[in-house]
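K.L.:
Now for the letters of each chain:
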Amino acid sequence: MGATWVYAEVTPEGTLPSALELLTKARTLGGDVAAVALGPGATNAAGELGAHGATTVYASDDQVFADRPGRPAAHTLHQLIGQHTPSLILFPGSYEGRDVAGCLQALTGSTLMANVTDVAGPSRAQTEIFGGTKIVEVDLAGPEPRLVLVRPKSFPAEPSGGTAEVVMVDAVTPTGPTATIVERHAEAATGPKLEEANVVIAGGRGLGGPEPFAMLDDLAAAIGGAAVGASRAAVDAGWVPYAYQVGQTGKTVKPEVYIAAGISGALQHVVGMKGAKRIVAINKDADAPILKIADLGVVGDLFQIVPALTEEVRRRASS
Amino acid sequence: MTLLRAAPAAARTADPGARARRELAHVLGQRKLFQKALPGVMHAFIFWGFLVLFPTIIEAMLAIVDDGRSLPVIGQAPWFLFLVDVFATLVAVGIAIAFYIRKVQRPDRFRGSHMEEADKILIAILGIVATLLLWNATKIALGQTLHPSAEPVANALSNLFGAGQPTETLERVFVWSHVLIVLGFLAYLPKSKHLHIITAVPNVYFAKNGPSGHLEKLEIDLEGPEEDLRFGVATPRDLSKKQLLDLFSCTECGRCQEVCPAWNTGKPLSPKLLIMDLRDAVAGVDPAAGEPTGEIELQPLVPNAVTDEVVWDCVTCGACMRECPVDIEHVDTIVDLRRNLVMAESRFPTEAGTMLRGVEGPNQNPWSQPASARTDWIGDIPVRVLAPGDPAPEYLFWVGCAGAFDDRAKKTTQSVARLLNAAGVDWAVLGGRERCTGDPARRMGHEYLFQMLAEQNVATFADAGITKVVATCAHCFNTLANEYPDYGATLEVVHHTELLSHLLAERKLLTTPGASGTVTYHDACYLGRHNGRFDPPRDVLGSTGLTATEMERARERSFCCGAGGARMWMEEDAGTRINDTRFAEAQGTGADTLAVACPYCFVMLDDAAKAAGSEMRVADVATLLAEATLGEPTTRP
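Residue numbers (the working numbering), protein chains in the order written: chain A, 4 to 322; chain B, 40 to 676.
It is worth saying that the hints were derived from the structure and are not from the lab. Quick caveat: nothing in here was measured; it's all calculated off a predicted structure. Hints are supplied without guarantee of correctness; some may be wrong.
Said to hold, decoys possible - List of simulated lysine-lysine pairs, DSS-like, C-alpha gap at most 30 Å:
id, chain 1, residue 1, chain 2, residue 2
1, A, Lys287, A, Lys196
2, B, Lys649, A, Lys254
3, A, Lys295, A, Lys156
4, A, Lys280, A, Lys295
5, A, Lys257, B, Lys547
6, A, Lys277, A, Lys295
7, B, Lys159, B, Lys142
8, B, Lys256, B, Lys230
9, B, Lys247, B, Lys232
10, B, Lys649, B, Lys256
11, A, Lys277, A, Lys196
12, A, Lys287, B, Lys649
13, B, Lys256, A, Lys137
14, B, Lys230, B, Lys71
15, B, Lys547, A, Lys295
16, B, Lys142, B, Lys247
17, A, Lys295, A, Lys257
18, A, Lys277, B, Lys230
Construct the entire structure; sequences and hints are all you get.
P.N.:
Here's what the structure looks like:
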């Protein structure tokens, strides 16, 4: 078979894990393996790409790839394909990967298979149907190279210890209308993610409004490594964003300790947190269903209990 | 037409008698149009006029060819002349009403409709009857009519004309204008929404017989030829003949839009706009390229014609279908679009994935609760849990997942259990052998998962020798009663409110109507509108002693709680919340209790009550009856 290429996403800070995962898979398919790395950081990444199985790295550090999404990379790839005729190109199923692969497909007219979970050969891939309940194998027909978008984390990344020859390429900048990236904005994240935190403190309707969530933030900060969540009632009321929601239609969390403050414990919520190792519930209603599943239930006013708890945690931490 | 010929036929030919009766009621009788009084009168005048005046078109054509000639038998019959005169006038009145509705009342249901096109059509119809009346008037003036007194309106108009040459010319002008407007109208018709005068007739005939809550079985043959494999509707070519007819029967009247819970709470979905957008997408298919076996690539309908959001906004409450005068089946088409999105593309609101995994997972319920917890509600209530091989009870009480796991719905389950015991009914539950009916998966479009569950449950029923089932969940009830027969079930299924009302009538349950207070009842869509059970819950409430008061939108026109169509498992972030809207309406009655008869309604409306900080109590009809008969404590859930 012809060569398998991997579209490697690189940044000045390094190579993205998807490139290494795809190279690891590409090694098993037989035939030459090459990586295409476009954008600032490409030549620096060549060593790591070589160590994961690329024998050739086509690289360009041109700023245009970072400034303009999709099309320059697709056109550059198109020219490279014309020169080297690979059989198969693997793309990561990321925003950039989908953008470039879609655009390239329009140029080559070859088959593009998206959402792939495994690659069995140069013309065979696996994907999921029925909401992930059935796996089907698909044949990739049509002219080469076949284009395949692979879901992230479908394969482990394993080094091969090789080295790559770096071939510098020139950026092809297409004419015509184009989109330009004018700003990059990283969403500020404080504390650990809800799903990864060891301690989750969640507030419900009993908080009565958005302000008391500051109280939960204080407790989370005092404990350290804790995240703040919410019940659907608090999210529906608009007190905190949907990202806070724990439950059937929100996040499922399995922390060491889950502290539910002012949450009655409707089934919708319990489904998302019943996997917690220990559940602490603070509720003024002694009949609240949450108290039935709590390891420690405190019946009382959360506006007194939570600040007192925060203070006690701080005192013990400092002593 | 090419698409229509190639489209798969829906199995809609059984029971022609029922279809003919529907044709008589819905088309000739205009029954669904009269659901709105003034527009109903308007349309009936024009439609009945159209039927009566049909021979006069032929008469006018004859008169053009051969002046003075009229139709044999009826042409000069006084009764026919009278009918023509009266109905031509009624059509003109109908047009006047139509313009009054459109230009003065301007109801919101017309938002998004083609208003100019309607104006053109109405003016053309007015032109047809005006020229007819004037033509008849000139004939009277010229003394060509034997019975002028049979035509009071034309007779009165004839005073405008003399008996001389100018009138003879005008007579020719009017008859020619009449025929030309009719012909112009016929030429315009096929490209306009007015095509409904032809398409509505078969559309009503091929409408679904039986309860509207019954979704048709989707044949999934994974072993068959790949090109025959269909997971619902992806492109225009996947629409059935009935679904295509639906699109070309729509007159954009907007009655569906007016009642749609999604549209009324500020969401993008309007059933009318959905049908119009699908129609435009289908009409845009190039007929030359659209040969059935052609090679053209048809665009997917979602998101090109309608957005994903529109498809997922639907609560499948069926209010649109109930209102539609020409029996368009919006919900079935929406579910078919969902089927393709879920099964072929795995594209659906992510938060609903937890439900699908739960229903499919080892415990087979939406909340992934352990199957062993299905009997946790029993407590100290004497309940027979059927073990394999046990003798079959008269009634199987189908508890349902919500009834088994949700704290609020459990109260309903317990109330029903106590009442069945008090009435001496021979009943039992399946316990851990029960599993989800598959309804939420099916309404999401996951037909494959639904069919697996249906087959498993039907096998369990057969194994346990079950013949009668009582269910508290309106969704379970609909699925068991209407959809399971497609998978081999032969069950008599009743809703708990039906059984309780029956037990009360038989005096097996005796009430001491000591309860005081006022109650308003919320009709569950899948019990009421989809299945016609309006009275049993009201009868049960009537025996409790509570004073009943109705919401404005009640019975057939009840407004959904927001949980149907698997919306229970999705976030609702566009517009206002449906449950809050409905709860506010219930509060508006001033009643102190809101009675429900379905666990979904219970959860949605009770959440809304809590969010509103309201003291209004939400409780199932069965719990209210249990309190009146057994003196159960009246604690808030």
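K.L.:
List in ascending order the numbers of the hints, as given earlier, that are violated by the structure.
P.N.:
When the structure is compared with the hints, numbers 3, 5, 8, 10, 15, 16, 18 turn out to be violated.
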